[in-house]
Structures are given as structure tokens and as C-alpha cells.
Amino acid sequence: MTGKIDEQLSALLDGELPVEQEKLLLKRLAKDADTRDTLGRYGLIGDLIRDTAVMPAAMTISDRVAQALADEDHDTETQNGGSHPMSPSRTGFVGAGIAAAIAAVVVLNLASVSGASRGEGDLQVVPVASVAVTHHNANHVHPESPNSARLTRYLVAHAQFSNIASRQLVDSHLAMPVVSDLSRQQ
Amino acid sequence: MMRSVCSGEAQRLSRLVQYVLCFLLVLTLAASFQATASTSSEWLQRMSKAARTVNYQGTFVHMCAGEMDVIQVVHRVDTAGITERITAKSMGGRQVIRSDDEAMCIMPDQQMVVVEKGGRLSARHAALDRFSAFKNINAALYDVSLNGVDQVAEHETTMLVITPRDNARYGYRLWLDQQTALPLKFELVDENGNGLEQGMFTEITFPAKISANDVKPTIDTEQFAWQQTDVAGEISKADVGRWHPQQLPPGFVLVFAESKMPEGSESPMEQLVYSDGLATISIFAERATEGEVVAEGPSNLGATNTWSTTKEGWMVTAMGSVPARTIELVAGSIASGSIAAGSAR
Numbered sequence: 002m003t004g005k006i007d008e009q010l011s012a013l014l015d016g017e018l019p020v021e022q023e024k025l026l027l028k029r030l031a032k033d034a035d036t037r038d039t040l041g042r043y044g045l046i047g048d049l050i051r052d053t054a055v056m057p058a059a060m061t062i063s064d065r066v067a068q069a070l071a072d073e074d075h076d077t078e079t080q081n082g083g084s085h086p087m088s089p090s091r092t093g094f095v096g097a098g099i100a101a102a103i104a105a106v107v108v109l110n111l112a113s114v115s116g117a118s119r120g121e122g123d124l125q126v127v128p129v130a131s132v133a134v135t136h137h138n139a140n141h142v143h144p145e146s147p148n149s150a151r152l153t154r155y156l157v158a159h160a161q162f163s164n165i166a167s168r169q170l171v172d173s174h175l176a177m178p179v180v181s182d183l184s185r186q187q
Numbered sequence: 010m011m012r013s014v015c016s017g018e019a020q021r022l023s024r025l026v027q028y029v030l031c032f033l034l035v036l037t038l039a040a041s042f043q044a045t046a047s048t049s050s051e052w053l054q055r056m057s058k059a060a061r062t063v064n065y066q067g068t069f070v071h072m073c074a075g076e077m078d079v080i081q082v083v084h085r086v087d088t089a090g091i092t093e094r095i096t097a098k099s100m101g102g103r104q105v106i107r108s109d110d111e112a113m114c115i116m117p118d119q120q121m122v123v124v125e126k127g128g129r130l131s132a133r134h135a136a137l138d139r140f141s142a143f144k145n146i147n148a149a150l151y152d153v154s155l156n157g158v159d160q161v162a163e164h165e166t167t168m169l170v171i172t173p174r175d176n177a178r179y180g181y182r183l184w185l186d187q188q189t190a191l192p193l194k195f196e197l198v199d200e201n202g203n204g205l206e207q208g209m210f211t212e213i214t215f216p217a218k219i220s221a222n223d224v225k226p227t228i229d230t231e232q233f234a235w236q237q238t239d240v241a242g243e244i245s246k247a248d249v250g251r252w253h254p255q256q257l258p259p260g261f262v263l264v265f266a267e268s269k270m271p272e273g274s275e276s277p278m279e280q281l282v283y284s285d286g287l288a289t290i291s292i293f294a295e296r297a298t299e300g301e302v303v304a305e306g307p308s309n310l311g312a313t314n315t316w317s318t319t320k321e322g323w324m325v326t327a328m329g330s331v332p333a334r335t336i337e338l339v340a341g342s343i344a345s346g347s348i349a350a351g352s353a354r
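Going down the list, the sequences are from chains A and B. Read in order, the letters of the first sequence are residues 2 to 187 in this note's numbering. Read in order, the letters of the second sequence are residues 10 to 354 in this note's numbering.
It should be emphasised that the hints constitute simulated quantities derived from the structure, not laboratory data. Predicted model, so just to flag it, every value in this text is computed and none were measured. We put the CB at the ideal spot given by N, CA and C, even for glycine. A few of these clues could be false.
Restraint-style ranges between C-beta atoms, simulated for each label pair [said to hold, decoys possible]:
| no. | chain 1 | residue 1 | chain 2 | residue 2 | range |
| --- | --- | --- | --- | --- | --- |
| 1 | B | Q188 | A | D7 | 29 to 37 Å |
| 2 | A | L25 | B | T88 | 38 to 46 Å |
| 3 | B | T230 | A | E8 | 36 to 44 Å |
Computed list of chain B residues with no C-beta within reach of chain A, every gap over 12 Å [claimed, not checked]:
| no. | residue |
| --- | --- |
| 4 | E231 |
| 5 | S345 |
| 6 | G346 |
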């Protein structure tokens, strides 16, 4: 890992990386697990790792990065149905433009869940038995589980309100197509 | 000679007038700057208006729980309102085209387009507008402060820190573009200041004009199946809500209630939404189907915590982007009874 890459990763998280360099870095992220791990040590991921309430399994940058770039390159596999695991944490967020983006992430990701529910990936919904709230003890629920499907549906419905910025510009209905889509999978 | 003197005085006067005008202009600009950007609350006010007044397009990166998504956003404002095109670089290149009264989700991986428009949108928008806006953030619940300047996506930003005054909710860090007040970066942080979720534009521009063509779909949908979702009108709060929390953190009030029939379901799903103006907690209730095993207890969906339980044949779930202990408190207090609309307990 070169110092240059470190600098670029830091700049990426700071939003200061020029567009062209960002594209190159994303491609590198897709191919280089070490780079992804390094990114994971920066910024939020680093915070998450230090946070005891974080699932160990979530400590590295997802292979979604690779998938994202593969999609960009018209990878045919992705045309066959959302092999991405759900990224379930599409919580509320404050702000205007970002809010719309977050809403889209909710919608687009949850739409992918319907693909995942066909058995192509794990849904990262982690109900725990009625014990203390520690994510370490969380159990993964298979995406075909009615419970996980229900929680996903709730998440979509909740996301419409969970975002303060939605008062200004996030269309709550964005998620509805996903709900319909998801319901058909049940 | 007289003409010359007069001419000289006129020039001096003219210069003086120019100086005075310049000074007044500087004062005006300074006052204007003070009026628009001097305090955190004024920044919030500006931010609230930004999205409805500013064109922008850029690349947005969202990170949470070790996952990263990259999407492209084109946001167009004109006299008819907002139109936006959001394209995922992942997820099969899905695209959302939305305006104030319609949303279209194009899913190439499923060869499908889903469109929704109509009354339910209006009802929700009205509720959302009513209950909270950043500009009305409750100072008794959150401290809002400025925290210097920073650079995001090659733009100068002012950093805003929103810190809850108790441990029942999360805080935020926002980076607002100094020219437009649009948030370019955010972090959701827990009570210890640890980041739970982060999103930012890695590249953004603010064109004076964005063409209508730039917010049209770029995916050929001719062979896709089209589906238009049902439209429903507003449902009175009094019509729904069998299950209600008996305990809520300070500041949370009921802001929305809805009962709807999910597609493929035989029983309605009820949702109550409580908000403190920034954080929200939803209560969901559905009839359990016969023989269904319900996972009870806490769950986490990234930064969103949930707690599910069963009561008298109903599945009841509390969900919110608040600490787990808050959700546990709320969920543990849910009981059947009359709705307490608009009142904090």
C-alpha cells in the first residue's frame, strides 16, 4: 500500500478527491482487497470498528464496491437479479440533496432485497433473541424468512419519515414500488 | 475658471458619492452576510430552502455498517418544481426519476418499471411538512453549533454540529456548502460521538440551468413491464392505531398514522410515526398469521434499531434511528388503547 493511495483514500472520505482520481480509486477498490481494508480503517469504518456495537462481519468494505463497478462495466451477471446483500441501514438523515440521495439508496437497495430473497444473498437483518441489545450477539435471518421480509417492509415505510430532510425533498413514495416488489416475493 | 472649479468640485463630489455608495454597499453586503450565515439557526434556515432553489448534479457516496453505495444525482429546479434523476452505479444500474407528484423506479435487473403518483403522496407530504423541519429544531432537545469551515468535494463548507441534550437520540454533523447551504456531507453519530452512518458528495456542481433532458430516464424501458401502484387518500389518525407507546422520550409527538394493505397481505399494516422534530420512531402493528413464528426482541438494521413483540395475536414492532435503549423503552411500553395524537408523554 503506497502513501499515495492512503492519501487518495483519505481524500475520498473527505470528499476532496478529484473526479478522475475518484474513478480510478474506485476501480482499484474493486480489485484490491488491501485497498478496501485500508479504506475501512479510515473515517466511518474506523469509527465503526472502534464502536463495540458493530457487527464484526460488517467491518470491511463490502464487495458491493466490486459489484458496483462490475455493473458499471455492464457485467451481465447483475442483469439476472440483484445479487447484492441488503444494505439495511438506510436510516434517516438530515439535509437536502443528501437526503434525496439517501432515499434513493434506500429504494434501490431495498429493491435489491427482492432479488436477494430469491436466495442469492444474505439479508443483513439481525434479530436477536430477547436478550440485551448487543449487535455482537445478533443472529442473521435468512432472507426468505417472513420476519426479515416484514422488517424490510417496515424499514421502507419508516424510511419515508425517518429523514428530516424529507420534509423538503425526499418523496416518501419512492419506497412504495419496492414494497410492492418485495411483497410479490413473499 | 469658474467652470473648472465647478468641474473639480463636481468630480470630488462624484468621487465622494462613489465612496459613500461603495461603503454602503459593503455595509449592505456585510449585513446580508450576517443575516444569512452568522448563526447556526440561520444556516439551518438556509439549508431548508436550498434544495428547492438550487440545481445540482454530482456523485454521492453513502457508507454504513461497512457497506458503500455510489449513486449519481441530477437535481433540477424550475417553476414547475423539482425533478430528479438518481442512478445507482451498483444494483444493476437502477434509476429513480421523481418529481413532486410522481416517482418512477426503473429496475433493469427485473425488466420492470414501477410508477406511483397521487393522493397518498400529498397526505404524506403534508404530514412531513407539518411536523418537522430543520429550521424548527427543538433547542430544548438539541444543541446546534457551528464548528468551523472545511472543504468537501472541492467546495468550502461550514460545519454544523447537532448534539442531543440527552442520550435518547443520535446527533448529526453536517457540512453545508457556503454558497448554497446545501449539505454536502453528513454523519450520524451516537452518544459517544462515534459515526454510525456517513454520506457525502465526492463531486458536485451547481449549474445555473439543467435541461429537462438531463433528468429523463437513460434506460430503454420499451420491453419492460410497467406497474402503477394504487393511490390512496389520507387516512385519519383516528382510524388507526390500536397499539400505542405509553412512554416516549421528551419531545416526541405523534405526527402521522396510516393503515394500509400491503400487496399480498391479508391484514392491514398500521403505522404510527412519532417525532421530536429530528429523530423519528415508527410503531408497526399487524395481525400475526396462524402458525407464524415471530422473532421477538431487538434487532438492528444498521443505525436503525427495532424491537418486536407479540400482543394478543398482533405483531408489534418499534423502529427508529435512535439508540437501542430508546427503542426498548418505547417498545416495552406499547399497549392497546386510545391514541394520544400530538402529545408527548
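Inset, instruction - Provide an ascending list of the numbers of those earlier hints which the structure does not satisfy. - result: Every hint satisfied by this model.
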